[in-house]
Amino acid sequence: MPASASGSDDDVESSDDELASALEAELFANDDAEVKDVAKANAGDGDSETKRAREGGALPRVVRRKAFRVDDARGRGDEGTCAHPAFMFEICVVCGERKRDDGGGSKGEMRSGSGEEALRGHFTTSMRYIHEGLTLSNAELEKAKREEKERVLKDGKLTLILDLDHTLLNSAQFKELTQEQHDLLHQCIAQEANGLAERERPMLYCLRHMGFFTKLRPHVFEFLEEVSQICQPYVYTMGDKAYAKEMVKLIDPEGKIFHGRVISNNDSTSSHVKDLDIVLGGETSAVIVDDTERVWPANHGNLIRLDRYHFFPSSAASFQQKGQSVMERSMVDEGELGSMGARAVLLDVLAVIQSAHRSYFKHASIEEPDVRTLLVKPDRIDLPLSGVKFVMSGVTPLSDRNPERHPLRLLASTLGAEFVSSIERDGDSVTHVIARSSGTDKVKWAKKTGGRVLIVEPSWLVACAQANTRVSESLYPIET
Amino acid sequence: MFFHVNLERNITLEPRHFGARMRAVLEEKLRHEVEGTCSGRYGFIVMVTRVDDVSEGVVVDDGTARAKFHVKYDCVVFRPFKGEVVDAVVTQVNKFGFFAEAGPLQLFVSNALITEDMQFDSSGENCYVSDDQQIRIQRDASVRVRIVGMRIDANDIFCIATIKDDYLGLIDFGSGGL
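Residue numbers (full-length UniProt numbering), protein chains in the order written: chain A, 1 to 480; chain B, 1 to 178.
Check the hints yourself; a few may be wrong.
Residues of chain B placed beyond 12 Å of chain A at every Cβ, according to the derived structure [unchecked claim]: (1) 16; (2) 32; (3) 33; (4) 35; (5) 53; (6) 58; (7) 63; (8) 82; (9) 83; (10) 104; (11) 110; (12) 131; (13) 152; (14) 162.
With a straight-line Cα cutoff of 25 Å, these simulated DSS-like cross-link-like pairs (lysine-lysine) come out [unchecked claim]: (15) A:143 / B:68; (16) B:95 / A:245; (17) A:389 / A:322; (18) B:164 / A:143; (19) B:95 / A:154; (20) B:164 / A:99; (21) B:95 / A:249.
Among the chain B residues that face chain A by a calculated CB cut under 8 Å, a handful are [stated by the list, open to error]: (22) 36; (23) 78; (24) 95; (25) 148; (26) 151; (27) 158; (28) 160.
Quick caveat, the hints were computed from the structure, so don't treat them as lab data.
All values reported here derive from a predicted model rather than from experimental measurement.
Just so you know, even glycine gets a beta-carbon here, dropped at the ideal spot from N, CA and C.
Given these sequences and hints, build the entire structure.
In C-alpha cells:
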C-alpha cells in the first residue's frame, strides 16, 4: 500500500519526538503539490521511517507528484475546481477540501486552496435532519429537491408534511397536571392496557424519562397507514429533536412510515417559522397538515389547517380554550358519541388528502398540476361535486380568521364544490347547506326554499370523497 | 495505515492502589484511558503493546494524596491518510451517499463519488443498486474505499471517501465480517 499522504489540516506544533517529527513531515506536507519523495514514502511502516528520519536527519527531498493531483481532481467538474455541492462536517464530500468559513475557521488552518474562488458567494443550507453535519449548497439542494420530487411523483405519491403537537397528538408535562389528574391518567393507562385487543396499540402514554404524558389523536394509526400509501410523509415540528424522536417512536413504532424524515426545531432553518426549503419535494406537490397557520408564512397555499387537539387541560388553557380539552369534557374524545359534534378530524384530513391525490394524478400525465390550486379551486368539471354551490353553517368556528383552510372547506373544494360566502347576496345559486345542527339561520332559510336547497351533514362530504361520486344527500340529514 | 509508536502519558493513581499490584493497576488504567481514543496527530490508539517506562510516582499537592506517574508506552495506532485505501462496513445509506466505518473511523461516500451505474433505491431498505441489479450496497455490506478528504479534530477524525475507481466498491454482501 503506498503511503500516499498528502497532508492534512491538523495544526499541531512541532515535537521533540523523533517519530512524531517524521510522521509530521508525512502528515503536513503541502496539500496541493509537495509530497515527500515517492520512493521513500512508499517503503513502509512507522519503524523504518523512523530509522530513515534518524539517518537522514533533515526532511527528505521534496518532489512534485503529478499522479496524485490527477487522482485528487477526480469528481471535480473541471480540472482543479470543485463546485462543492455538499459538505459533511465542514469538508466537501466530493474533493475533501475544507469548507471556507470566514471567521469560523479554526486556528488559521485554512490554507489558500484552489477551491477558494469557487466558494466565494457560496451559500449553503444545513440538512441536519438527514444526517448530523450535512450541509448542501443551494444549487445541490435544488437539484436534490427536484430529483426527489420526480422520484416521489413517479411512485404516485405526494409529499406530506405533518405537524406533531395538537395535530397528531397532545402532550403535557408532569408539572402541568395536578395530582388528581396524574392518578386519573395512570388509571386510564391501566384501563386501556386491559381493554386492548391484539395488535392494537395504546393511545395514552406516560413517558417517565421525558416527564411527559402523551395522548395520540384518535385514528392516528389509521391515518398514517392510509396516508403513507399515497404520500411520502415527513414530520415537521417545533419541538426539539429528542422530543420529536420520542413522539415518532410512538406513532411509527416500526419506523416504516417516516424513515427518519423527521425535522425538528434544531434542524429548521428558522426557529420561529416552518418552511418547505429543507423538505425534499416540490411546492406544487406538497401538502402540509398543521394546526397553526402563521408558522407557514411562505407556504400558506399548501396548508390544511385542522382544529387543535387538546387532551390535557393545560394544553387547552395555553390556547385560551379552557374547558375544551378531552379531559375536561369527561374523557369524551373527538369523533365519539356525545362529543357534541367534534368530528374525528384526522379522518376528514385523510379524505382531503385522498381527494387531492386523486385529482392530482388524474391529469398528471397531461399537464403538471399544482396542489395549491387543487385544494382551493380545482377548476375542473369532472369532479364528483362539480356544480355544487354550498354555504356552511356552524362547521367552522366563528373565531376562525381563515376558515378557508379548514379541512371540510378544502374537502368540498377539492371535490369541485364551490363555496358561497353569504346567502343574502348569492342565495339564489346556493344548492347545499352543510350544517352541524338544525337551529341556525342558514338552515332555517334553506328549509323555507322548499327543497331547492339541500341540507346535509358534513359527513356527506367525506362519504362523497370516499366513493368519489355524489352520494345521495338524503342519507346524511342533520340531527334535529 | 497502522503504526507502532511510542507515546507518553501521565497517569494518576489513588492511594488505595499503592501496593504490590500497583504496576498492574497502572497498566490497566493506562489501557483503559488510551485505548480507543483518538488524537489528531496519531490517529486512533488501537492497542497498548508494551509499557516501556514508568517514572517514580509524585504525590500531587491538591490534598487528595493521589500520585502521578509519567508512563511511556508502545502502542498500535491507526492513522488514515488521504489517498489510502481501506475496507469498511456500511452503516447508513441515504440519498446523498452512504456512511461506513473502518474500525473506529467514520467515512462518508457521497453519491457524487459513487460510480454512475449505481442508483439510489429506497423501495425497500435504502441502498445503492447497480443497473444490472448485481451489486447492492446497503447497510452491513463491506466496501473498499479510497479516502479523498479528512477532517481532523483534536479527538476525532472524519473522512470523505470514494468508490469511483478500479478495484473499489462492494467486496462482501454483509453476510459475514470482513
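Inset, instruction - Please name the hints from earlier in the document that this structure breaks, with their numbers sorted from lowest to highest. - result: 8, 9, 11, 13, 14, 15, 17, 22, 23
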